[in-house]
Every structure is written in C-alpha cells, then in structure tokens.
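K.L.:
One letter stands for each residue in the lines below.
Protein chains: 2
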Amino acid sequence: MLGSHALVRSLVDAGVDVCFMNPGTSEMHFVDALDAIPEMRGVLALFEGVATGAADGYARITGRPAAVLLHLGPGLGNGLANLHNARRAKTPVVCIVGAHATHHEHYDAPLQSDIMTVAHNVSAWVKTSGHPRDVAADAVDAVAAARRAPGSVSTLVLPADVSWNEGASTAAPRAVPAPDVVGTEVIDAVAALLHRDETTMLMLGGVALHERALRAASRIAAATGVKLLAETFPARLERGVGVPAVDRLGYLAEQAEHQLSGVQNLVLVGARWPVSFFAYPGKKSDLVPEGAHVETLADGSHDVTRALEDLAAAVAAGVEPVLQALALPEEPAGELTVQTLAAALAVTIPEDAIVVDEANTSGFMIPSATAGSPRHDVLTLTGGAIGQGMPVATGAAVAAPDRAVINVQADGSALYTIQSLWTQAREQLNVTTVLVNNGAYAILRMELQRVGAATPGPRAMDMLDLSRPDMNFTEISRGLGVPAVRVSTAEALVAELRRALAEPGPHLIEAMVPPIV
Amino acid sequence: MLGSHALVRSLVDAGVDVCFMNPGTSEMHFVDALDAIPEMRGVLALFEGVATGAADGYARITGRPAAVLLHLGPGLGNGLANLHNARRAKTPVVCIVGAHATHHEHYDAPLQSDIMTVAHNVSAWVKTSGHPRDVAADAVDAVAAARRAPGSVSTLVLPADVSWNEGASTAAPRAVPAPDVVGTEVIDAVAALLHRDETTMLMLGGVALHERALRAASRIAAATGVKLLAETFPARLERGVGVPAVDRLGYLAEQAEHQLSGVQNLVLVGARWPVSFFAYPGKKSDLVPEGAHVETLADGSHDVTRALEDLAAAVAAGVEPVLQALALPEEPAGELTVQTLAAALAVTIPEDAIVVDEANTSGFMIPSATAGSPRHDVLTLTGGAIGQGMPVATGAAVAAPDRAVINVQADGSALYTIQSLWTQAREQLNVTTVLVNNGAYAILRMELQRVGAATPGPRAMDMLDLSRPDMNFTEISRGLGVPAVRVSTAEALVAELRRALAEPGPHLIEAMVPPIV
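Going down the list, the sequences are from chains A and B.
Note that the numbering used here numbers the first sequence so that position 73 is 73, with each residue one more than the last.
Note that the numbering used here numbers the second sequence so that position 262 is 262, with each residue one more than the last.
It is worth saying that the hints were derived from the structure and are not from the lab.
No experiment lies behind these values; they were computed from the predicted model shown.
Using N, Cα and C, we set each Cβ at its ideal position, and we do this for glycine too.
Treat the hints loosely; a few may be bogus.
Unchecked claim - Just the calculated beta-carbon pair ranges, DEER-fashion: (1) VAL176/B x GLY15/A: 51 to 59 Å; (2) GLN339/A x PRO483/B: 30 to 38 Å; (3) ARG41/B x GLU351/A: 49 to 57 Å.
Let the hints inform the model, and build the full structure from the sequences given.
P.N.:
Spelled out as structure tokens, the structure:
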C-alpha cells in the first residue's frame, strides 16, 4: 500500500475525515489519495492561515480534530499564527507538513529549511515520519496526542517519498485516554471554601463554558452566592436563551481589576490564572487582587464538567440553575455605531447560531447586547493573533452545515486571512460576515495611548490608519466570489442580516462604523 | 534616552532608514519614535508577509537592508515565508520582533510563545535585547551581521519595556567586513581549467549576475569558449540591451539536465551546486552530469565580481564582452496566451525597469521574449515560497521611486500577499502588476503528473483548481485602492501596459490567460 493511502485511510478510521489544505508539489500524493479514499473531504484554502484557522473552528464545534495539509517550512510559517490561536484555544489539530523526499533533503534545495524549529513553536507533539511502514502508526499517534485533554496541535512531518512509496499498511485508531477525574478531597476543599463567609469567584474556562458545565456552575452560584466569571477569550462559550449567563473577564486590565476587586477566593475551573493581555508601564501583569487565595478545582487535563457536577452535588443538591430568558434590545435605527451594530446582531441572531467574534474595538458592546438572544455559541480570538475570525467561521460552517455562522469581523484583522471568503464560496458555506469597516487599527490607537505615548505624532498615527486609501470590502468580497453589500445605517444592517441569513451560502455585509478612538 | 529612540536613531545612523511594519501593542513605542526620528520612514503593511517581502525587494535594489517590525511569534510566523525567500536570496534584512515586556513574559499571556524557535528557521543572527542600555548596540550588530557577505536575515527580539524605558544611548555603526578576496592560486587553477580542451561552464549566481560581473564573465566566455549559465532563480539579474545575456538553468530537471549535458567542468561563481527543485520518484536530485568536475571560483562570502575580473584579466586581456543588442518581438495581437503575454511585456518594458517575475507556469516564455528588451533588472522567487512577487515589487518601488516596476504575477501566488496592493496605493508606488489569471494552480497540475500520479481523479484535481468561484482580481484590486482593468487580448494588454507605465502610482492589469496544463 502507498504511504499516502495508508495515511489518509488511517486518519479517516481515527475520525479525522476533513482536511483543510494548501498543498504543493511534495504533497501531491496526499492530494491524489483523495480519490482513492473518498471518506476524506479535502477543503482547499488559498492561504495556509485559512486552513489552520478553519481546522481550529471545525474542532471547536465538533470536538474532533481536522487535518491540515501544508507545504514545507514556509507553508507551516504561513499557518503558524492560527495554529498559535488553536494552541491557546486548546483545540485538537492534526497538522501534516509535507517535506522534501528523504534522499533530497541534504541537497538543500530552495524550499529546504528546518521545519522542526517552526513546528515546536505551536505543537505539543512533533514527529517526522521516516518510512512508509511507519506513517499510519505515526498518524494515529498524532491524532491521539492531539485529542488528549485538553487538546493540542500535533505536527507530523511527511517526506514526499514516504507518501509515494509502497510498503505501508493502515493502523487502527489509538484509544484517547480519558481526562483525569478530580478527586473528592479537592471537591471537598473547594466546597468548604464556598461555605466560608468570604467573597469567592469561580473563574470558568475551556469546557466549563459549555452548557452542561455552566448549568452545574449556575446551581453552585445559586446555592452558595459564589460569583461566576468566564475567561476573557473563550474557545467556545455557549450562551443565550436557556443557558446560564456568565460575564467574561474584561480585555482591558482596568476593567478586569474592577471585576475582580474584592474577591478573596478565586477558584480556577478549566481557566488560567488571570493576567493582563499585555504589559503596560507601571501596571501590574497579575490581575488577582493582592492577598486573594487562588485554588484550582480543575485544569484542562481534568474532566472539568464532572468536577463542577460533583461540586454541585456537594453544595447545591436540589438547587436549579438560573437560565437566561429571551431579552432583546429594541430594533436599532439610525446611525451605525458600536451600539447599534451590537443591537442589530442581538435582534437577528437565529436559534443555534455560531457567532465568531473578531470585531475587536467595534465589538465591545456585543456580549452585553446579545446576552438574551436565542441560544448561540460564541467563538473568540484565543491567542491574540489577529486574522482568526474568518478562518474559524469557515471551519465552523464546515463542521455544522445546518447552523447559521455569523462572523463579526474587524477590518484590520480581516485583511490577514481575507482569502477565507473564497473557500466559503467554493464550499457554499452558510457564513454571514459582518465586516466592520472603521478605517483604522482602532485598538492600536487605544493601545498607543495606554502604553504611555500620550501625544502621538502624525507619523505614528499614520501607521495605525487604514484610510488613504479607504478599503472597499464589498469589492474585495465580490472579487473572491462572495456576494456583498455595504450598509451605513442600523436598519439596513438588520435588513441585510435577515436577508443573508435566510439565503443559503456565504454573504458579506460591510458595516461602515466610525472608530471608537 | 528611551530604548526605542536609541534603537531607531542607531538604525538610521547605520544606513537603515526604511522600516516595513505591521506593528501591535508591544511595538507602539517603536512606532511612536517615528515622529522623534523623521529620518526613519515607516511603511505600513497590512500583513506581515508583505513587510518581509518588501524588505527583501528593497535590499535587492539598494544593496542595503531595510528594517521590518513584527508583532511577537505569530507576527514573525506570518512573515516567515518571505524571510525564507530572503534567506535564499541572501538578502540582508534586519527583522525586529516586538515581544512582551521582560517582566510579563513568565505570565504566559495569550500572545506568549517561544519566538526563538521560529526566528532560528530563517536567521543567521538572533538576539533578544535584554535592557535599554544594550538595544542600540544590538541593533548595529544586527545590521552588520545582515550585511556581511553574502547577506542574511538578522532577527532582534525587542521586549516592550526595552523600548519604553529610559537608560539607552545610541551606538555608532559597525564596520561591515569586506568580502574575502579569492586567492591567486584559485584564479590560476580555474584559468588552467578554462584552457583545457574540455567543455566547461561557469554557473553564475548572486552578484555574479550584476552587470559588472556579467561583463567580466562575457569576456571570459568570448576568450575561452566557456559556456555561461545563470542560476534558476536569481535574486537580481541585470539584463537587456547593453548587458551580456545569460540563460538561466531550467526549473524542470529535464530541462536543466539538457542544459548541463556534456559539461565536463562546472565552475561555480556565487552560485550553488545545481540540484533539482523537488525530488521526483526515480529521478536524480543532483543535476551535475555524471563524472563532471565541479570547482568553486567564488561563493557568496567572496568578492565575486573581483574574482571574475581577476579571472578575465588572466584569460581574456583585451577581449571585449558581448553585449545584448535591442531585439524586440513583433507587437503581439490576438488571443492572450503565454506567448503573447511574454511578447507584450517585451515590447513595453521601459529602460531601467525592474521586472518582478512570479508568473510561474504563465511566465515560461518571458525570459526568452524579453532578452533583447531595454535594460532591466529581473527579481525572481528565490526560495520557492509563493507570494513573494507583490511584496518584492512593493519594496523595489520604495527603493527606486524613479524606476518603473512591473510585477508579472500568477493568480494562485498573488493570493498569499494580495494586501501588498494597499501599501502600493498608500505609498503611491510606481508598480504595474500584470495579474495573470488562469484560474488554476497550473504548476501543481503539472507537478501532480510529474510525481507519478498519471491519472489524477476529480477530487484531486479540485484541489488544484481556482475556479468555482472564478476570482476577479480587478474587483479585489479596486477594493484595495489600486485602479485595475481586465484584458483578454494581446493588443489590450500592450495598450494597458503603456497607459499604466505612463501614469504615476500603482496599477493592476488582470490578464486572462488559459492555463498551460
């Protein structure tokens, strides 16, 4: 059996049956195998960052990894930023990087580079497959490693001759070890903490933000008065009508400090220790209030949901969770602003939608405005590497073809992976992109002031400005095959959102919103 | 003095006065310094690969490095593919990667990653600046390392607090060591080889493809009958009327084998040992004919031009070089094909133009068609990481504002760094892009067959197809602020090329050409 066939077949058998790809010559045998093994769906991306981000979005929705196929070191480089975001989201991804044939490597041909140096930046598991007889076993190892809780990026380097040579056979899927169960002594210790007459907060992250875990957390809060807070940038937050509501820790340290002030006990539940996103001159990086006690109920390697349910059983027997009721803002009218943009989303989000939020400064009002919208999942920018929203929306739509995907997308960030639109058109994905055009890197205007450059000069401000020339995302979108329209009022945005959501396939709505800074 | 000010001032003093940038929060003080030190020109790119490729193009034309400013590990990742190409071009680049403040690093905030793992993939010199008092010295070291022959990428990691803190002072430029002079014994040995009654070839690469070196090589060839051949993908090939003509080694191994067949002595002059770009089943990677003798006259660390001139003095005293005369094809008419596209370029290239060629399969006819065009420089894809053409054209135009830059650009490759167009519009650069739209990754269709997949199936072919939907680069270009027009005949291409070249600022001409495969 050819190495490529054994590889693709074994991936499919291990539950990896979608591959987002941007292949080159050294990956041609993998591509050729798609006809022999039709259970593997190949999804073409025109830039590697689209492929890696799509794999992240796909796994956030399905819980299963997709494969990504990339072309040597530079291809991995182009995919790296969204693999970084996937790593931070603890998303399982099986990254396959084609390489020169083993006998070609020492000739140092133009595309030769040390792929390992790059792979280690993002991967918890890295291996070069050295022979067709190993490749299937390596692939199922990669899948199992990626799926081990909490999820990570596995990178398999695949020399071209390992693909094209005979001598391979398929490998059976490896069992994925179950996550560790949190012991009774930890549950009891946290339960005791909750019973103290002190201000305690559960900081929820990872799968603790999925519905079942949120119900348990809500019961605990209802029974004990403990506060709940979600991490700032969740991989997937389930929310809206019928799900317990939870606020997110603010991005700005000032805001986060306010939310955490007075907390005496902070219990981490699948969440990381809260720290400032960036450092600022003279400001603290650690957001935990001075003197507060920090305890971990469960980290990502644990069965977080079970830990919360065990804790609820201990402290909240018979207590019901508090579920979000429908609560929509008024239909917005008039000028398109950060406020009316958020309201327009709130009144149009359909039941069971997936909202991919990379609106950055233009999205500050979205979480509060949409809290009482129909039930939806929110996927956010987990690793700070902008250009994740459009690829993640693409992958989420591949994962859930029957759900509406709404991608609220800032203009500056969109430009990193705008090629996503073409894949959305090729695959006729149900993604509606609200492209918020404010003509600026507005977040950097804010940050420039926050890091202490109080009176920036014109040459600095020029580097944060996206006008001269103004971009027209409607034209760009049409050029990439996605129908698009530009709107400048709240009514028009609501109308176009409804129209786009009612029609199959991708759409882009360019919302002209003034920058907040 | 602030670290950022000392850094920027010292870069300027060392001759680095252009910075292609895509900054984030941790680089805000560098950006802020642009107003204090107006001698540094900041050029904003909307994607990091544009910035790194532009720095490559800039230095290929000026011979001096530009700086690049990137945002942490993911920013470096996005810039990596074109740094790879720069490394392969032996282009000096000073890459500055902003990082979290030194005291923030251990909090493992979302954007934290091991920048070094990525930097080592492309850089010959890497350092993290640890304190404001070191940053200027580190910067001038980085410049000197990048400029040491033959040129390389230096990466300076710059923590935010090293930028924003006081305690820095400027550093004087370091002397760049002169390249090694090739010794008389080597010159004499090669001269003796040339006098033998054997078939000898000089393989020219790097600066051996600049005019002065080519004149010496041409004299040697005229005097001794030695053959001349240029490496496949030169960083900068000077050619056209008044310059000695030299063919390039073919990309396809079959073609290269034919060019090298019968060669008994191969003398490397700033060029690498010729190897196949990719490996193919059952084919040789080493292109040197069996039994041929390979000698090195000069490698990139040497003064290559002087070595050729010394050799010419030894074997070609009094002999004149053979210079290219004006020889234009007929003005093409009718259908736009790979042939008429090349002819359209040949008849319109103005004197002293810079031609950036990433036309891939659509460009196969360009070198021969344009051999007798007015004098021009050709910049090619040196490292095989596609998406280099548009950024390199951008940087070349910044370097030479008075020269016409023509970027012949394949559609599939264009999509990796299409954001270049916006920078061309922002800076009003004289770049005319001929976007060759053939609706396919045509080179991969060819490669799929060459690696042995003789009868690819429809699912494989789908992954190499850029239709469904067809892209419209005219719309994309307008959306990014560059006026554009689509042409489908040779006459129209000639007319639009002339119009674009006569008008200042960037233009895009979308040339609809059928794929060759």
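K.L.:
Tell me the hint numbers this structure goes against, listed in increasing order.
P.N.:
The structure breaks none of the hints.
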